[in-house]
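Peer 1: The sequence shown: position 205 = 205 (the numbering used here), numbered continuously.
Note that these hints are calculated values from the structure, not bench results. Hints are not guaranteed to be accurate.
What the hints assert, rightly or not - Below are the DSS-like pairs computed for lysine-lysine, each with C-alpha atoms no more than 27 angstroms apart in a straight line:
hint, residue 1, residue 2
1, Lys182, Lys153
2, Lys204, Lys131
3, Lys204, Lys103
4, Lys78, Lys94
5, Lys193, Lys103
6, Lys131, Lys151
7, Lys193, Lys205
8, Lys151, Lys182
9, Lys153, Lys205
What the hints assert, rightly or not - Computed Cβ-Cβ distance ranges for the label pairs, DEER-style:
hint, residue 1, residue 2, range
10, Gln76, Ser102, 15 to 21 angstroms
11, Arg109, Ser183, 28 to 34 angstroms
12, Arg109, Glu144, 37 to 43 angstroms
13, Phe80, Glu144, 41 to 47 angstroms
14, Asn100, Pro194, 16 to 22 angstroms
15, Gly123, Gly87, 19 to 25 angstroms
16, Ala207, Lys160, 16 to 22 angstroms
17, Gln76, Gln142, 34 to 40 angstroms
18, Phe80, Ala130, 32 to 38 angstroms
Yeah, the Cβ is synthetic: ideal placement off N, Cα and C, and Gly gets one too.
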Amino acid sequence: MTKAKPHSRSGSAIVPVVKEEPTVEIKTEEILPSGGLALPQHVTQEIGTSSAVSTPATGAATPASEASTTGGYFVQFKDFTPQADAGFLNQFNKLAIHENWSKREKTRRRDDAIEAEFTHYFGTEYHDVAKWQELCGLVGLQAEGLSSITKCKKALASRKVMVNLVNLIDHLKNGTPLRKFKSFWEFQRYTLKPGRCMNRALAKKNAFVNVLLRQVA
Numbered sequence: 001m002t003k004a005k006p007h008s009r010s011g012s013a014i015v016p017v018v019k020e021e022p023t024v025e026i027k028t029e030e031i032l033p034s035g036g037l038a039l040p041q042h043v044t045q046e047i048g049t050s051s052a053v054s055t056p057a058t059g060a061a062t063p064a065s066e067a068s069t070t071g072g073y074f075v076q077f078k079d080f081t082p083q084a085d086a087g088f089l090n091q092f093n094k095l096a097i098h099e100n101w102s103k104r105e106k107t108r109r110r111d112d113a114i115e116a117e118f119t120h121y122f123g124t125e126y127h128d129v130a131k132w133q134e135l136c137g138l139v140g141l142q143a144e145g146l147s148s149i150t151k152c153k154k155a156l157a158s159r160k161v162m163v164n165l166v167n168l169i170d171h172l173k174n175g176t177p178l179r180k181f182k183s184f185w186e187f188q189r190y191t192l193k194p195g196r197c198m199n200r201a202l203a204k205k206n207a208f209v210n211v212l213l214r215q216v217a
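Build the full structure now, drawing on both the sequences and the hints.
Peer 2: Take a look at the structure:
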């Protein structure tokens, strides 16, 4: 996704969180919480592998969402049975094989899947301050003082907030610990790993995802 609980209702990812503040040559200026660069729409190639140096945050593996773990993007495919405890990338890669998608088609479909899964597990209540406060909590921000959507957006837009969206989806779904990064460099390396990038134009359609866009300095 680019091509970014522990707050929970009980949630990571996507985040005991990060409060601190390349591979294929790509012309881009933004990086998404999905753990990937915000790529122009025409970019469909896979990004080269880069070893991650981030570490999972500690905390109980308690799902941060009460949505069905077998709902979302994957239920629309005939004869494909989603696994309730599978991580996003594992599930998506199995689906791609099942559907016999080409590399180009897989990249395009992954963008749709990331957006759909995040929406399924977190929702789209963009005008509800409580949801913005919940997102702040997920990424480790203190709720005190964040009394409006504007204040929440400003806090979430801080460069010190580094969240990988794929990791966040797994946190919402399965309680997978959110990754925390000691530096932006670590976050960037983790983000560049295959499958963690999302198309910038699609990401901006989701206000919760859009606020987590990051500049690649």
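Peer 1: Indicate, hint by hint, whether the structure satisfies it.
Peer 2: Against the structure, the hints:
Under the criterion of a C-alpha separation no larger than 27 angstroms, the hint pairing Lys182 with Lys153 is consistent with the structure, at around 22 angstroms. For the proposed pair Lys204 and Lys131, the alpha carbon gap of about 18 angstroms is at most 27 angstroms, so the pair holds. This hinted pair checks out: Lys204 and Lys103 have alpha carbons roughly 24 angstroms apart, not beyond 27 angstroms. Only pairs whose Cα atoms come within 27 angstroms are accepted, and Lys78 paired with Lys94 is accepted, the gap being roughly 14 angstroms.
Of the pairs offered as hints, the one joining Lys193 and Lys103 holds, with about 16 angstroms between alpha carbons and a cut-off of 27 angstroms not exceeded. Our distance criterion of 27 angstroms between C-alpha atoms is met by Lys131 and Lys151, whose separation comes to about 13 angstroms. Of the pairs offered as hints, the one joining Lys193 and Lys205 holds, with about 23 angstroms between alpha carbons and a cut-off of 27 angstroms not exceeded. For the hint pairing Lys151 with Lys182, the CA-to-CA distance comes to about 25 angstroms; that is within 27 angstroms, so the pair holds.
Among the hinted pairs, Lys153 with Lys205 is consistent with the structure: their alpha-carbon atoms are about 15 angstroms apart, no more than 27 angstroms. Against the hinted window of 15 to 21 angstroms, the Cβ-Cβ separation of Gln76 and Ser102 comes to about 19 angstroms, which satisfies the hint. Checking the proposed 28 to 34 angstroms range against Arg109 and Ser183 shows it holds: the Cβ atoms sit about 32 angstroms from each other. For Arg109 and Glu144, the Cβ-Cβ distance of about 41 angstroms falls inside the hinted range of 37 to 43 angstroms, so the restraint holds.
Separation of Phe80 from Glu144 is about 44 angstroms and conforms to the stated range, judged on CB atoms against 41 to 47 angstroms. At roughly 19 angstroms, the beta-carbon separation of Asn100 and Pro194 lies within the given 16 to 22 angstroms, and the hint holds. For the hinted restraint 19 to 25 angstroms between Gly123 and Gly87, the CB-CB distance of approximately 21 angstroms keeps it satisfied. Separation of Ala207 from Lys160 is about 20 angstroms and conforms to the stated range, judged on CB atoms against 16 to 22 angstroms.
For the pair Gln76 and Gln142, the beta carbons lie near 39 angstroms from each other, so the given range of 34 to 40 angstroms is met. Roughly 34 angstroms separates the CB atoms of Phe80 and Ala130, a value that falls within the hinted 32 to 38 angstroms.
In terms of the numbered hints stated before, the structure departs from none.
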